[in-house]
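S.K.: The residues making up each chain are set out below.
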Amino acid sequence: MNVDKLLIGEIMDIACKAGKIILENGGEIYRVEETMLYICRTFGMKESECYATPTSIVISIIDAQGEVHTRMMRILSRGTNLFKVEAVNQFSRSIMQNPVTIEEAKARLQEINSSPSYPLWLTTLAAGLGTSAFTVIFGGGLSHFLWGFLLGAVLRLLISALEHIQLGYFTANLLCAATAATGGWLLASFGLLPEWWIVTISAMMLLVPGLLFTNALRDTVAGDLVSGISRGLEALSIAAALGFGAAAALMILTMLGSR
Amino acid sequence: MIKNFLLSAIATISFGILFNVQKKNLLLAGVNGGLGYLLFSISTVNGFESHVGMFIASLGISVFAEIFARLQKAPASVFLAAALIPLVPGGTLFQFALNLLEGNNELALECGIRTILEAGALAVGIIVVSSLTKVFTRRVLRQKQTGSIPNQ
Chain B
1 MNVDKLLIGE IMDIACKAGK IILENGGEIY RVEETMLYIC RTFGMKESEC YATPTSIVIS
61 IIDAQGEVHT RMMRILSRGT NLFKVEAVNQ FSRSIMQNPV TIEEAKARLQ EINSSPSYPL
121 WLTTLAAGLG TSAFTVIFGG GLSHFLWGFL LGAVLRLLIS ALEHIQLGYF TANLLCAATA
181 ATGGWLLASF GLLPEWWIVT ISAMMLLVPG LLFTNALRDT VAGDLVSGIS RGLEALSIAA
241 ALGFGAAAAL MILTMLGSR
Chain U
1 MIKNFLLSAI ATISFGILFN VQKKNLLLAG VNGGLGYLLF SISTVNGFES HVGMFIASLG
61 ISVFAEIFAR LQKAPASVFL AAALIPLVPG GTLFQFALNL LEGNNELALE CGIRTILEAG
121 ALAVGIIVVS SLTKVFTRRV LRQKQTGSIP NQ
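Chains as they are written, first to last, in my numbering: chain B, 1 to 259; chain U, 1 to 152.
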């Protein structure tokens, strides 16, 4: 009886950790819930229910005696790392065909969670190149392409520095938007670019919550209403931070510039 | 047209790296991003409204993402998330916030409505394809009677 309870605790721990990895790295709500239920079923828990939102996971398992066991987990960080989502997804499918022990499952989840991301120099290059591509899509020329690369790379470094000191997403986005607007404005006022907004908006594409906004609508239409509302609110508050940061920076700069 | 295809593919691959997509999936994600923007440009050039173009493009990239997901045995969102970036109305959303703060309420309203329409069109396209694939894979599984779980 006691052993049984310990076992169920361990199963819930594995299911919660798997769900947490998917949720923290930008997976969909239905994927989190499905994965957790697969894991419970694999370990022989036929009757289980699970509920996930972007900020928390709740799981309940009913054992053979009819007793209900529940575990709740809080989700604090939200980012995008699609490799981890893919890896946990494959893990939950593979253990259905080739059963593993509890220790093995834990070790593999730990391995997935600590898997390395791309190095900073590569993501910085990617951010620069992405910004450059957007400047041309928005109608810029060669000078926009080159300065956009620089601004995007600088912005990426700033983002990772702000992530490192854990400033919080609202203020971090505010500062990044102010930096992007200042960079574009300075380039234009030194006569290096004909207008400020092309490089600024392109660099802002690194920040705008377009994906979050689309995901929010996707959750809402799919019936995950709570998630839809909270993701929508997150997207709106990021958009507000970006707009405020850029507008404040431009206002100060034009005041200084007119003097 | 070809220039836009290449540029969106480059932007998609860059965002793929930022989203930590695996190396073996990056190129296909980039192709998908390029195709999405190509579909969008073709539709708008032929006189469709921008949100209708978004809908057509999002249908296209969702279908390709599902096909690539089956080929590479990975979740469809690996190919979808970065490919959406050139399409998402980030620029309009930013203009909406900026206009609102500067007091240009009419312009802000116009940008806001455009953002909602375009983002909504993108979401509807994705949802239509993903619900249809779910029905389809369930059918195929039942016919095969294998009982294995689709890798999606």
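These are calculated hints, taken from the structure and not from any lab test.
Just to be clear, a hint being listed does not mean it is correct.
The calculated lysine to aspartate or glutamate pairs, modelled on DMTMM-like cross-linking and capped at a C-alpha distance of 20 Å, are [as the list claims (entries may be wrong)]:
#	chain 1	residue 1	chain 2	residue 2
1	U	K134	B	E34
2	B	K5	B	E49
3	B	K106	B	D4
4	B	K5	B	E47
5	B	K106	B	E24
6	U	K134	B	E104
7	B	K46	B	E24
8	B	K17	B	E103
9	U	K73	B	E234
10	B	K106	B	D13
11	U	K23	B	E111
12	B	K46	B	E111
S.K.: For the pair supplied as a hint, K46 of chain B and E111 of chain B, confirm whether the alpha-carbon distance does not exceed 20 Å.
M.R.: violated (27 Å)
S.K.: Decide if the proposed pair is consistent with the structure: K134 of chain U and E104 of chain B, CA atoms, cutoff 20 Å inclusive.
M.R.: violated (31 Å)
S.K.: Could you grab the alpha-carbon distance between K73 of chain U and E234 of chain B and see if it respects the 20 Å cut-off?
M.R.: The given pair, whose Cα atoms are some 31 Å apart, is violated under the 20 Å limit.
S.K.: Can the restraint linking K17 of chain B and E103 of chain B be considered satisfied, given a maximum Cα separation of 20 Å?
M.R.: holds (13 Å)
S.K.: Mind checking the alpha carbons of K23 of chain U and E111 of chain B for me, to see if they're no more than 20 Å apart?
M.R.: Given pair K23 of chain U, E111 of chain B holds - Cα atoms ~19 Å apart, limit 20 Å.
S.K.: Is the straight-line distance between the alpha-carbon of K46 of chain B and that of E24 of chain B 20 Å or less?
M.R.: Distance ~26 Å between K46 of chain B and E24 of chain B Cα, so the pair is violated.
S.K.: Taking 20 Å as the top limit, are the C-alpha atoms of K5 of chain B and E47 of chain B close enough?
M.R.: holds (15 Å)
S.K.: Is the straight-line distance between the alpha-carbon of K106 of chain B and that of D4 of chain B 20 Å or less?
M.R.: holds (18 Å)
S.K.: Hey, K106 of chain B versus E24 of chain B, does the alpha-carbon distance stay inside 20 Å?
M.R.: Measuring from Cα to Cα gives roughly 18 Å; hence the hint holds.
S.K.: Tell me if the straight-line CA distance from K5 of chain B to E49 of chain B falls inside 20 Å.
M.R.: Satisfied, since the Cα-Cα distance of roughly 17 Å is no more than 20 Å.
S.K.: Is K106 of chain B close enough to D13 of chain B, meaning Cα to Cα at most 20 Å?
M.R.: holds (9 Å)
S.K.: Taking only the CA atoms, is the gap from K134 of chain U to E34 of chain B under or equal to 20 Å?
M.R.: Holds. K134 of chain U to E34 of chain B sits at ~13 Å (cutoff 20 Å).
Comparing the model with each earlier hint shows violations of hints 6, 7, 9 and 12; every other hint is respected.
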